[in-house]
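Top line first, the protein sequences correspond to chains A and B. Per the working numbering, residue 8 is the first one in the first sequence, and the count goes up by one each step. Per the working numbering, residue 312 is the first one in the second sequence, and the count goes up by one each step.
Heads up, some of the hints might be wrong.
[Claimed, not checked] Here are the simulated distance ranges between beta carbons:
| hint | chain 1 | residue 1 | chain 2 | residue 2 | range |
| --- | --- | --- | --- | --- | --- |
| 1 | A | Arg274 | B | Val388 | 26 to 36 Å |
| 2 | B | Gly332 | A | Val27 | 51 to 61 Å |
| 3 | B | Arg771 | A | Trp306 | 31 to 41 Å |
Rather than coming from a laboratory, the hints here were simulated on the basis of the structure. Every value quoted in this text rests on a predicted model; they were computed, and no experiment measured them. Ideal Cβ placement from N, Cα and C applies to all residues, glycine included.
Below, each chain spelled out in residue letters.
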Amino acid sequence: MRLFANAHYEFIAWRRKAYVVSAVALMVSLVAALAWQVSRGSWLRYGVDFSGGTLIQVRFEDDVSIAEVRAALTEFPNAQPTRFGEDAEYLIRTPQVGEIASEAAEEVPLALEAAFGEGRFEILRTEAVGAKVGSELQTRAILAILLSFAATLIYLAFRFEWRFGLAAIIATAHDILLTLGLISLLQIEVALPTVAAVLTIVGYSLNDTIVIFDRIRENLHGLARRADFDQVLDRSINETLPRTVLTSGTTLAVLFALFLFAGGMIREFALILIVGIVLGTYSSIFVAAPALREIERRWPAARKKPGRPARARATA
Amino acid sequence: MFSGIRGRIIVILIAVGLAVGSLITNGIALGLDLRGGMHLALEVRDPNGTMTAEQRRDATEQNLHVLRNRIDQFGVVEPLVQKVGDERIIVELPGIDDEQRARDVIERQAFLEWQLVRPSNEFLGAVQRLDRAIAQQLGPEDLEELPESATQDSAPATRQAIEEALFGRADTTAADDSTAADSAALPAVPSERPLSALLLDSGRDGEFLVAEQDVPRVKRYLALPGVIDLLPRNSELGWGSRPEGQGAQLYRSLYFMERTPFITGERLRDAVAGRDPQFNNTIVTFELDRRGGRTFEDVTSQHIGDRLAIVLDTLVHSAPVIQSRIGANGQIDLQQAPMQEASDLAVVLRAGALQAPLDVVEQRSVGPSLGRDSIDQGIIAGIIGIVLVLGIMLFYYRTAGIIAVVALAMYVLLLLGGLSGLGAALSAPGIAGIILSVGMAVDANVLIFERIREELAHGRSARAAVEEGFKNAMSAIVDSNLTTLITALILYQVGTGPVRGFAVTLSIGIVASFFTAVYITRTFFMIYLTRKRAGEPISI
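Pulled out of the complex, with its shape left as it was, chain B reads as follows:
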């Protein structure tokens, strides 16, 4: 039924109709490089390779769910969150313009913990051990160049408080020395107590202050092997999330807390960004689930008067004093942070914490204007290219050229329809693939037309020449299309990103080009021949 002209026309109309229908209903999806957007590849952080493959796989799987939740709430149109292999997550956010914010939402671990703050005295009882361990491990030169803040104290009163707490009761002479000749006597001492010399009393229990410029040094000391183990059992130190100013000098809080959190973000039911009516600070209020609420009530009722640290990703956001029993609700104080930050924090808290921190191993982003430029350039270059091809075909093959041009127009429709039907996104390399497959489509027509001309030159009738031309050109067309298709499929299988986009359009293009050259062009020739009397020459 499809060998007759009528049957062929029906097949062609159906194919073109499907293509146009798909284009109208689905449109053509544009790749991130054309519409603008961000592509991220993330992997579970494991710099020392201490996790097993299975742990990494599990963490990746868990993180995938969390990221899906977060990005769903982030408000991007058509986001993509996908696992690639066992250990990599791909996130694609079309049309995003604030990359930094998107990355914060994705990368933030959002591990929320509530830890009780322990009394300063307990820490001070242990700090001499820490000092000794640090002094032992550091060379003398390292200790010599202690920072100015240790010698030129801007807050002698607080230093004195620590001195007293440290040495006052046990060793009166030391206390006398330091109080009498405050800054003069101090330089010799810091080399013996490298850590405590940098800690200032905050006036709040369980919290010390470190001058902002000393923070890296203290962090380095605490990271020395074995130092942290000298803290009292089940305790740890946690940094404040942001520096606090006292005049020109900035200080960072260092909290002494229970190591085990009594509750974590897992028990969080909801989190909402808002503003604190009293101080107009940005806050995130949260609500715990029933079990979390009960635990919270129990612990707070036993610790009235103690401080409770709210720790997000190992940083202490606030440590309010427990005034009374607290139920299922609470808040995180972000002080003067912009509202946007609070709502992003609420999003990540609602979506849950990442099982393990993620590293960005690949980032590609294209701003919307570059995407627009690329589309414009691609379209202009494509139109110029196609006009050139059509011009050459018309000029060279006359009437047969018209056939080729109409067939090529249908080819372009089929290709675009195929792209939209398969939901393949069009990327810049994809445009290159289209142009290449236009070349293949033209080549198929050229092969056929040249063959027909050869047959005509051998003295065959028009009808026989067309028949033979198609027949003889077929094997070359099949072979060249198939080898290219094989290459394209392998590229698709093995390639990534842009190479894949290229392979997709090329594959669809080859199939469309084969159909066009072999079926559509042939049908047009059949129609053309029915209008010719036998023996009348054809224009080719």
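This is chain A alone, in the form it adopts within the complex:
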């Protein structure tokens, strides 16, 4: 069996429609981000990792209602309990007060003990982050994203021509923006694992783009004089289509398994990745390749020079 063998789709001809789709998605993201920024004061919903504060996950022995949990926490007017999962499990968040991370982490369990009695609940998880550490983690997360971005660009510039690198960056930026848009739209809590998820998407999207670009480079080398650039792009995308479909399909299957069977943090992680992988696949075909075309039209490469792309095959 071979899916999409000998496909001859005219992807490049559809690029304008793809531009519209991407533009609309970006606009929706932007509007959502602005709306949240205005209504809540922050376009992203930062978790305790970045905003500072305390998160306590509690499982009660009995079926305790959220009203009862609230009543037990009247001393902490800022504490926000939310139900988590199916059992009588709650996440209690308190915002950060001062540098010391842990006051609520000590006092909330005491208040619960007073209300429900000792041993009637179990503290499953406590995360307390001081304001200083929170802003530090934020800085480091942004730094990680920017640095990996820069390093990848340098690597691509070294391995490919700069045109390819630029097009790949445009496609990846497209994916990051839309993923952030989704995170903002759905107000998914931004914590350290979220950063890992976003970076995974970056990696996956780049990977996908690189596979297609690798083929374009190869086909340009063989066909530059005979075929026009659009045809080379289409042909390269079509040739790699079976791989694209199979790899994306397999990865998505795994992620759906994670999404359905794992709970809590892994579930959100999987959701972000599912969206990211669909985006990455879409963008490498409909953003990266057309971007390469636009760049090529504006700054045409001197392809007649022999030997230049030969280095690209050096590893073969």
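With chain A fixed as given, assemble chain B onto it according to the hints.
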């Protein structure tokens, strides 16, 4: 030698053997999020930024040693105490279930001092100055709402004692007033003596009592600027460590003592938790080193009949009267505290005091049951994911699919072996990293197989198609693996905690996946091809 099939098989067997060997000998360390435990980040307390960077660095370094000692004695398996940067200490305690107790042991400064208690008279000679300074700084409304205990005295006799001591000799009319119309005359007075009105005589020299509900108020008064400076030279006030009951009313002791301790916990040689045979109180007995013992003997022999305050972290634990010369041994009375508390105190005393108090700037803890849940979920999700991938590969590529499946199995072994060999702990984000790198490994196989199919479609022989397929797929595999590896390494470098765990497994996974796809799969194909006659089609 490694290009022949035999050489390749040897290389593969060695690699797999090393991985399995490492797994058997080292096992896989689980991160705190999976096995349960507590992670703390601590910094030297410096709320006003008065310490220099160098002071903070020194204090951090000293505290690090103290914490190592304490935690070694605390009895946790595989604890981690580590300095991060210049000013932060990370403590990781796997499998801890009493977080509060662990935090007490870590955060307690355990600064032990012995200070002589000074006579009450000396304090009473100065208290009017303090009163005036406080009254000046407080607005009239503040003084109006003096608490009930100042007006409705539950122990008039003790109040009277103070009144007499204060005014009796100097001003007889005042004394007459207060003794005659005890509670009736008092309300007007407290506004003039806000501090002394709240102090009751304890009947013990150098010690006053403050009603528990007045303690915050007294603390506030004493914290007013300049007030504490009005105390006699080289003296200070210290609170008792726990309230004492007299009927329903609780009182807290306030001691008047020498400011300079004549000896501190540095001279402590040993501390042991125990029980006082006489009153069955929990106690910590301690032993001083030789120099400390000598100082102790000298001072106690000169102060027989005086009181000696044992001060731990600025709180007076007890203040026994010196009956006779005391040598190198002594005890701290914890009264009815549980034995656990005494043994923890003994631990922190033995380990020494923190150079400066520490703040917890980050705390993450996972209870053991959540950790177990996460492992179960991760394993179930991982198995389902891998079965799905294997199913798709087998269905889609037939015999070549079998090759891929066997190669992937080896890949998983190599990855886990790599993790255990490097001693990297497996965390929940780490499991996500593994699943992602499984995806990368599959992708490499897909790239190769698709390329082989293309070459076959172009009419090449099986042997040539395999050869060309591997060759042509290589650049895409190298590029995609390297870019991901770069990202993973940067994540490791810059990231913290969970992001780092993710980066570690991803990096190891990429290296293992590259080796698997390019070397192991290729070898299997070579074996497969030797079983085919020339021109016979291959199943892919």
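Which earlier hints can't be squared with this structure? none
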